[in-house]
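Here's the letter readout for the chains.
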Amino acid sequence: MRVILVDDELANLENLQVLLAKNCRTVKVVAIANNIDDAFEKINLHRPDLLFLDIQMGKTTGFDLLNLLTEKSFEVIFITAYDNYGIQAVKSAALDYLLKPVDPDELMAAVSKAENRIESKMNGEQLNFLLNQLKRTEPAAPKIALPQQHEIRYVSVEAIVRCVADNNYTFFYLSSGEKILISKSLKEYSDLLKPQGFVRAHQSHLVNPKFVKSWLNEDGGILLMNNGDKIPVSKPNREMVKAALRK
Amino acid sequence: MLSTVFAQKGINFSKIYSGGRKLGFCVDSSAKSIYYDNKFPNQPNTSFNYLPEVNNISIQAYFDRKDDVRQYRYTILADNKPIVVNKSINKKQLTDIETPDLMSFTRLGVLAIKGKNITTLIYNINKPLDIYKSVFYAKPIPRVKIVLFSNLVAINQGEGFTNLIAPKERTKLSFSKKDIGLRIIKNKSDIDYLYYVLIKNKLTNKIIFRSTYWEYGSYIDANEFLPYVKIDKSIFKKSGDYEIIIQPFLNEHTPLKEIEKYTARYTLSIILDEEKLFTNRQMIIFGIITPLLLAAIFGTSLFYIKKKQAKKLAQQYKQKEIVQLQLNSIRSQLNPHFLFNALAGIQNLMNKNEIENANRYLTKFARLTRNVLDSKELISLIKEKTLLDDYLQMEHLRFGFNYMLSAPSDLDMENIEIPAMLLQPFVENAVKHAIAEKGKDGEIAISFEKQVSNLVLKIIDNGKGFDTTQTYNGLGLALSKNRISLLNTIYKDAPFVLDIKSGINRTTVTITLTQWL
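If you read the protein sequences in the order shown, they are chains R and F. Each residue of the first sequence is one higher than the last, beginning at 1 in this note's numbering. Each residue of the second sequence is one higher than the last, beginning at 248 in this note's numbering.
Keep in mind that the hints were calculated from the coordinates and are not lab data. There may be inaccurate statements among the hints.
Reference listing, derived: stretches of chain F covered by chain R, where coverage requires no fewer than 3 residues with Cβ under 8 Å from a Cβ of chain R [to be verified]:
{"hint": "1", "region": "351-361"}
{"hint": "2", "region": "661-671"}
{"hint": "3", "region": "739-749"}
DEER-style ranges, computed between Cβ atoms [unchecked claim]:
{"hint": "4", "chain 1": "R", "residue 1": "Lys230", "chain 2": "F", "residue 2": "Glu696", "range": "41 to 51 Å"}
{"hint": "5", "chain 1": "R", "residue 1": "Asn23", "chain 2": "F", "residue 2": "Lys687", "range": "29 to 39 Å"}
{"hint": "6", "chain 1": "F", "residue 1": "Met651", "chain 2": "R", "residue 2": "Leu181", "range": "27 to 37 Å"}
Far from chain R, by Cβ distances over 12 Å, these chain F residues were calculated [to be verified]:
{"hint": "7", "residue": "Ser335"}
{"hint": "8", "residue": "Thr459"}
{"hint": "9", "residue": "Asp714"}
Quick caveat, the model's predicted, so the values are computed rather than measured. Glycine is no exception: its CB is placed at the ideal position from the N, C-alpha and C atoms.
With the rest of the complex left out, here is chain R (with noise of 0.2 Å):
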């Protein structure tokens, strides 16, 4: 697998460099760049297969270089120091990330992940689906991408009725009626949803108050939904779902 490492800060392609040779054999660094233009070139000139992208750099970020290239026919791990607004983003186009200092474990399990994925192509529309959602001006309605085993599904974030957990996996339930289970865990998709409005009412159950009918005092507590369904409101939320739905 021919890789390009792109940071802004030589110490850190030095060392991802050495994990990379350490940890994961079928790696090989093409080349290395430590601005967006850089990059560009080596990115076209070497047509890599994965790219290793940090978020940061100074005053551009690699979605400045995602934006630059036209054909983006490679797999893509973000990494990025602490978690701001780019990596939300890219969590919710389902997308891989490293944080730094790089884990060697993670590491490993991003680059397997990645070879998985440039067997199955689907990799330049999260991307385009990713650069479409950080272009977005205003915040309403923005999409998520739901990542099923052999699909990606981008999901308006309007048409998710609910979530309910199963261990480490998620039920959504769309507008559509539809039900799709996703490989995460609820706790995952409840900090991306929880911005967008969604009410963790259970340990078990995101909801969408959007969707919510009434509060019924029945059992301590219950949500309502437009289409009959009944989702419990564990007592710790209660204050806070009540807060929520009066919004």
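Since the structure of chain R is already known, use the hints to place chain F on it.
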């Protein structure tokens, strides 16, 4: 003609009743109820005799010696129609009576009276206005009807009436300031003077007014003036119900039952203007102003209540914000303790040239640091467990103690969230104060337990223990207690309970998150 009917008719001539002034009368012996010689203050020359059971009557005129009989004239009316007019007394027919006054009498006539009203008028031609009138009433006395009530008002020179009201079972009558009283107007009869008006206060049952003073005028019915009685409003001291009683005045021996037969009773509901707080105009004005005022008051209070509520909400919100800030500050205060210890641990690995381990611990350190910096309030149990594992691994590096993290398989570690860094300070305490000096013999057991709907977090160490009642300088415990009480202000429905038990070689810290699951 008159003399021929004498002797017959069953008249008892031995019993003579006074029929008023010059007259006396005798009636059939069978008649029992004889109400005779009733006098009326307003009719000084009238005598009224009520003879309901009498069929025939003999009327006599009596004269004493001083009277010049020739100067007297008499008229007899039957039902107001004259049957004898201005007839002089026949002196030859006078019969002397053996009395000290030497009186004499003559029969004016014997008449069938049943069902009739016989009126006798007798006067001296020298005093033609002094007519003595005797009424012999042998038909039922009519029960009076009140035709109208009216308010009496003072006008320029005299009085006028307003507000004519036909009587009902209960007639409402209100007095305004202009009113001086009321009039009770009754139907006309030929014996109006017989009736008197009583007014009884229904509340106290006292008679407050009594009058026989019928006046005529103002009201005309069938070409006749109707009689009325004037009543000053001053007799009505209070608003309320008054009974108007109009009954005939018969002599005092008349049984009440008999009188009641001819009595008319009406209830008058008096409303006095003095008691009326407001005039009609004022009422209208108040009628408009009061609702407006009430609406204004209501509106204002609503406004203030809302404002107060908003303020309260804002305060609550602010309070929550303050709590959140306090919580954050406590969390950040916890950091340095283990952050620098962790750095020291990594430094140690580097110095020992353990690159692999240094790498591993560095990423653990990064994870811990990230969690501290993270503003997320809630963290999943699995993440909390990982962080504790990271932390304990790093401390294990330094002290070499044993530790164990356990959670039951049916506890949903992925999806159950708890406040971040809840256990960290207690674990840190256990390491620093209890286990560090024990080295490889030190043991820490951390468990996540499920007790019905409670989530129970336990940290057990085998350190030397400490006095739980005492406060220690170490920030950790005090801050954690503070944090838990702050959390309890946020999670009112699901309080956090902290319990610390410490003995020799065993300290147990239990945090129970009630109703959490």
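Right, here's what the structure says about each hint:
| no. | hint | verdict |
| --- | --- | --- |
| 1 | 351-361 | violated (count 0) |
| 2 | 661-671 | holds (count 4) |
| 3 | 739-749 | holds (count 3) |
| 4 | R/Lys230 / F/Glu696: 41 to 51 Å | violated (29 Å) |
| 5 | R/Asn23 / F/Lys687: 29 to 39 Å | holds (32 Å) |
| 6 | F/Met651 / R/Leu181: 27 to 37 Å | holds (34 Å) |
| 7 | Ser335 | holds (110 Å) |
| 8 | Thr459 | holds (79 Å) |
| 9 | Asp714 | holds (33 Å) |
Consistency note: the structure conflicts with the earlier hints numbered 1, 4.
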